[in-house]
Amino acid sequence: DAMVIQNPRYQVTQFGKPVTLSCSQTLNHNVMYWYQQKSSQAPKLLFHYYDKDFNNEADTPDNFQSRRPNTSFCFLDIRSPGLGDAAMYLCATSRDPGRLNSPLHFGNGTRLTVT
Amino acid sequence: DQQVKQNSPSLSVQEGRISILNCDYTNSMFDYFLWYKKYPAEGPTFLISISSIKDKNEDGRFTVFLNKSAKHLSLHIVPSQPGDSAVYFCAASASGGGADGLTFGKGTHLIIQP
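Keeping their order, the protein sequence lines are chains Z and B.
Under the numbering used here, the first residue of the first sequence is numbered -6, with each subsequent residue one higher.
Under the numbering used here, the first residue of the second sequence is numbered -8, with each subsequent residue one higher.
Hints may contain errors.
Claimed, not checked - Quick list of in silico lysine-lysine cross-link-like pairs, PhoX-like style, CA-CA up to 25 Å:
no.	chain 1	residue 1	chain 2	residue 2
1	B	62	B	97
2	Z	45	B	47
3	Z	10	Z	37
4	B	45	B	59
5	Z	31	B	97
6	B	-4	B	62
7	B	47	B	62
8	B	97	B	59
9	B	47	B	59
10	Z	10	B	45
11	B	45	B	62
12	B	59	Z	45
13	B	-4	B	45
14	B	-4	B	59
15	B	-4	B	47
16	Z	10	Z	31
17	B	-4	Z	37
18	Z	31	B	-4
As the list claims (entries may be wrong) - One side of the interface only, derived from the structure: several residues of chain B facing chain Z at Cβ under 7 Å:
no.	residue
19	37
20	51
21	92
Claimed, not checked - Which chain B residues stay away from chain Z? Per the calculated CB distances, all over 12 Å, these:
no.	residue
22	-3
23	0
24	2
25	3
26	5
27	11
28	25
29	32
30	63
31	76
32	97
Derived by calculation from the structure, the hints in this document are not laboratory data.
Where a beta carbon is used, it is the ideal one built from N, C-alpha and C, also for glycine.
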């Protein structure tokens, strides 16, 4: 089955220690997104790649970076995690965002704990 | 400032009855609306969508209604089944389908009682 895969499912890191979350897709979708979801909150868009074009949300902290080395993979790098960065991180893809009925497909997320 | 609001954090409905989940939005530029369903330890999965040129879209047991003048949409599930117990997110886009991502509400936890 074509899908969006996030690794690891659970990640524990220490305060200030860089961490990388990964996402891969077999859907061959053009767009890949990273969302942050804190407990009982709405998923919040951090940034997205449209092919190789990177689009950062205005309020995404500089502490968060992303890389997309090829169509299939996208990484979220947190340079110096703080306690407030503990959250579920969701990766999503979209095939043709300019068209209707092209919804986002999500992975199962990575739950990040910062100690 | 939340642009998509789901004011009911939880909703309990008896099996077989109708579940109605509500969503309000403030951004008049939104033109595409979606509902996602999320089980614990899984990512959200797409359920149903509606564009702003329509006021109703139906897919099996699921119907979404859009009232643009009130900036309100609702998801009806009938009849409700135990497998419908999940968190439901309302989402909206101003780019016709998600080029700039979706804006989500906080979700409503639907509990179907046997």
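Worksheet item: Can you name, in rising order, the numbers of the hints this structure does not satisfy?
Response: Structure breaks hints 2, 10, 12, 20, 22, 23, 28, 29 and 32.
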